[in-house]
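**Student:** Below are the chains, spelled out letter by letter.
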Amino acid sequence: MSFPILTSILLCPVLGLLAVLLTPARMEGLVKAISLATAAVSLILSIFLCMAFDASNPGFQMVEFVDWMPSYGVHYSMAVDGLNVTMILLTSIVIFCGILVSWGLKFRVKDFFANMLFLVAGVFGVFMTTNLFFFFLFYEIAVIPMYLLIVIWGSTNKEYAAMKLTLYLLFGSAFIFAGFLYMYSLPGAHTFDLVALKENVAFAPDVQNWLFLALFIGFGVLAACFPFHVWSPEGHVAAPTAASMLHAGVLMKLGAFGILRVGVYLLPDGARFWAPLIAGLALCNIVYGAFVATQQKDLKFIIGFSSVSHMGIVLLGIATMTDVGFNGALFQMFSHGLMTALFFACVGWIYDGCHTRMLDELGGLSKKAPRISAFFIIAGLCGLGLPGMGSFVAELLVTIAAVSRFPAVGVISIVALLITAYYVLTAIQKAFYGPPSPHTEHLHDIGFFQFIPRAILVGVLVFFGVFPQVFIGFVSASTKALVGA
Amino acid sequence: MLTLLLPEILLAITITALLCRMLSRQSETEPRLFMAVAACLLVAGAVVSVFFGPATLFYASYRVDLLSQGFKVILAASLLFTVLASRDQFSIQANRLPEYYFFLLTGTLGMMMMTSAADLLTLYVSLELSSYSLYLLTALRDERRTTEASVKYVIIGAAVSGIMLWGLSLMAGVSGTFLLAGMAQNAPALLAEPAFAAGLALTLFAVLFKLSAFPVHAWAPDAYEAASTPVTAFLATASKAAAVAVMIRLLMLTGLTPGLTAAFGALAVASMTLGNAAALVQRDVKRLLAYSSVAQAGYLLVGLAAVSGEGFSSAFFYALAYAVMNAGAFTVVLAVARASANDNPKLSDFDGLAERSPLLGLLLLVSLLSLAGIPPLAGFTGKWILFSAAMDKGRWLLVLWAVLNSVVSLFYYLTLVKHAYLEKPKTLAPVGASPRVRVLAIGLCVAIVLLGLFPNFFVTFAQQAVVSAATPW
Chain U
1 MSFPILTSIL LCPVLGLLAV LLTPARMEGL VKAISLATAA VSLILSIFLC MAFDASNPGF
61 QMVEFVDWMP SYGVHYSMAV DGLNVTMILL TSIVIFCGIL VSWGLKFRVK DFFANMLFLV
121 AGVFGVFMTT NLFFFFLFYE IAVIPMYLLI VIWGSTNKEY AAMKLTLYLL FGSAFIFAGF
181 LYMYSLPGAH TFDLVALKEN VAFAPDVQNW LFLALFIGFG VLAACFPFHV WSPEGHVAAP
241 TAASMLHAGV LMKLGAFGIL RVGVYLLPDG ARFWAPLIAG LALCNIVYGA FVATQQKDLK
301 FIIGFSSVSH MGIVLLGIAT MTDVGFNGAL FQMFSHGLMT ALFFACVGWI YDGCHTRMLD
361 ELGGLSKKAP RISAFFIIAG LCGLGLPGMG SFVAELLVTI AAVSRFPAVG VISIVALLIT
421 AYYVLTAIQK AFYGPPSPHT EHLHDIGFFQ FIPRAILVGV LVFFGVFPQV FIGFVSASTK
481 ALVGA
Chain C
1001 MLTLLLPEIL LAITITALLC RMLSRQSETE PRLFMAVAAC LLVAGAVVSV FFGPATLFYA
1061 SYRVDLLSQG FKVILAASLL FTVLASRDQF SIQANRLPEY YFFLLTGTLG MMMMTSAADL
1121 LTLYVSLELS SYSLYLLTAL RDERRTTEAS VKYVIIGAAV SGIMLWGLSL MAGVSGTFLL
1181 AGMAQNAPAL LAEPAFAAGL ALTLFAVLFK LSAFPVHAWA PDAYEAASTP VTAFLATASK
1241 AAAVAVMIRL LMLTGLTPGL TAAFGALAVA SMTLGNAAAL VQRDVKRLLA YSSVAQAGYL
1301 LVGLAAVSGE GFSSAFFYAL AYAVMNAGAF TVVLAVARAS ANDNPKLSDF DGLAERSPLL
1361 GLLLLVSLLS LAGIPPLAGF TGKWILFSAA MDKGRWLLVL WAVLNSVVSL FYYLTLVKHA
1421 YLEKPKTLAP VGASPRVRVL AIGLCVAIVL LGLFPNFFVT FAQQAVVSAA TPW
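Same order as they appear, the protein sequences are chains U and C. Going by the numbering used here, the first sequence opens with residue 1, and the numbers climb by one from there. Going by the numbering used here, the second sequence opens with residue 1001, and the numbers climb by one from there.
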């Protein structure tokens, strides 16, 4: 048997978690070092994974398969294909940068890093597994530590936001739970294996429609699909910096990923049936999110609502049910993940220095702290879809696909991009230019060490923005197969 | 014969020895070491007895198979846990402790006999033996309010046992036999008789009482609140497991009519909804856990009502998971009760627990999340297979309702977690955790995680147990 690279990537945070739990709480440096080391190993392994990945093969590769609870069709099965290979890379980049960004943390360090590693283990697991039992298991593992991260280390109305986030997400996952068990109970099924379900079970048309709707409600909540998005801006705002990075950067992508991996893969007819509805909701996300963002005064709320808007683009790409749309959706998931991580990494630093995130109270940051301001502005430019950044290509692909499938929706979503440009530029202008505000007095610029994580994020964003073909090459074989399914 | 009845024989010897000890002069001291050794031996004996059987003893009135012996291991382990936890209890006067241990043992004996009971009279006698022990255990605490709650418990219990007798007499009268095996032979024909179905319903009603399911759940909050914490833990672990065993045995042999199946579904819905709704507003943690047990009884009914092999084996697995996670929760409750010198700790007594004792904070987190059905913990895997059994029967609406209920339950579990992890402690005095409690806490944490992540051994065992109990006698 070849080297189990997927399990190794997953085991990195798990072993890191165990090591952190066994470390005495006062040895904070060791806790941080362990976390960083495990994140670094999983990042290196993820890069190897991308290099070893055979992009011409549309099916599952590097399959690892172990019987777990065979009488219930539960197997520990991990595999990689075009859909998840880039997501695994994204996750390891964001956690690596997230740990670096939270290096200065002083309050309950051990608990914090334990929760972060636990959360990341869940995210890796969801992306890798091809068994619905483990999919759900990891899916909820990714949700629960978020509660603790927000409620202990958060700010601004954290208890309310944390409870709201958890209950919303678990309300959604109840539908996923019931949906998965329903698939299991269908004639010929009695397995939770994704591939076996695809091969053995003939989903009747109305079963497809209802099941897909249930799964869409479940995953849609996590993907912040309108009207289930209300937990997300508040959650982002309340979460501590690194948790926001992971949450907006990776966790929300799990929802969209679940729709593709389970919903579209197993129930393509159901997906086509509901596609117009999804497109409509996605448009609400794009337009509504952008409009609300223009009215926000808090920098984190602006980013929170811009995430809602950008996730709309992902959903719109999925709703087109074409390979171009899927490519665009995946590309948007990837670049939005990096971009919001960068946003939150910058806002977190600014908040720690100024103790405010209100636009009215900020001003002239670019003079006071040019480096952190530059990073924020780069993220902002990426957010408004500047060519040369990943988001530009992603949005282009989605819009091309959308205009051909849903012309009206496509055109309106292009117009909505103008609103994005408006609120991003306004925020940049208010916070970073103009006369320096008294609140910025104690703000220091980032040093070299804190420069690294943000530079990594920008580097990857620009790399895939300039060479989009690399990304498309990774995903296109699998998305073609998914459309044909 | 000796090996088949090993746990019961060991218990009987222990009970006799304890009785002799009480009659002698040592009666004033607490038999700590004696009880710990006896409970350990009992666990070992129960494990050994798993390898023997299946057999039917005493003119087919007593059945020894994997189902009964598996449950006896759970019961013995629960007793061991209760005995270990009892060293920290402080609300029962020292001179009553010999009686306290005596009734713990008789209660366990009754429950063990329940799991093996194969005729109606044995079932009734063993059920009453365990019930009366529990009534007395509840009343042992030295407070006025306790007396009131235990009187309530006895009165409702007596009424239910009357109802059960009526049900048993109907079943015996219609079928012409007391033996469950005899009824199993022509179960379909018997179930068609309204009188038999009514008798079965009344009998099951009494088991629901032990399970603290709707509509006979009202005793649970009062009894949980009134009893000394180790007794509450015993009620929540051993007594529940024994009730599940009886439920599996009865349903497996007789089956259910369509009407009774529907009624079971309705009771499951009512239990879950009512238990969770009431738990939301509790301030007393023991009452909160009592209402949560009402909701948990509802989840169990969802699986049991499937009346299928998967339903029974997953109920078995869930009973095991339930015992372990409740043991975890009550370990923390007891430690907090001691630290606040109040055997009815409020939510606010948990403030800052994670700072005062990180290990107990973690144990509380793990057990409560497991009760809420969060992966990768025992309660999650248990619910997954429990609900998949119900889904197999096409009852998706029931399953969806059950899962949504788990989400609601998360609200109050997380509230308790929030007190432990977020609120500032009133005192910084560490919550006393002796080495014994620490080992227990680590063991329970590991067990909850392992049961959730690597369930296959126990799931397979539960399936074999159901097969072993279903083979003709």
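Just so you know, the hints here were simulated from the structure itself, not pulled from any lab data. In this text, all values refer to a predicted model and were calculated from it rather than measured experimentally. It is possible that some hints are incorrect.
Unchecked claim - Stretches of chain C that chain U covers, calculated by requiring three or more beta carbons in the stretch to come under 8 Å of a beta carbon on chain U:
#1 1060 to 1074
#2 1386 to 1395
#3 1456 to 1465
Unchecked claim - DSSO-like cross-link-like pairs, simulated, lysine-lysine; straight-line CA separation at most 30 Å:
#4 C/K1426 with U/K110
#5 C/K1418 with U/K164
#6 C/K1424 with C/K1346
#7 C/K1426 with U/K106
#8 U/K164 with C/K1393
#9 U/K164 with U/K297
Ideal placement from N, C-alpha and C gives every residue a C-beta, glycine not left out.
**Student:** Now tell me if each hint is right for this structure.
**Tutor:** Checked hints:
1. 1060 to 1074: Result for this restraint: violated, n = 0.
2. 1386 to 1395: holds (count 5)
3. 1456 to 1465: holds (count 4)
4. C/K1426 with U/K110: holds (23 Å)
5. C/K1418 with U/K164: Status holds; Cα separation ~14 Å.
6. C/K1424 with C/K1346: Distance ~15 Å between C/K1424 and C/K1346 Cα, so the pair holds.
7. C/K1426 with U/K106: holds (23 Å)
8. U/K164 with C/K1393: violated (34 Å)
9. U/K164 with U/K297: holds (22 Å)
Figure legend: structure checked against the earlier numbered hints; hints not met, in rising order: 1, 8.
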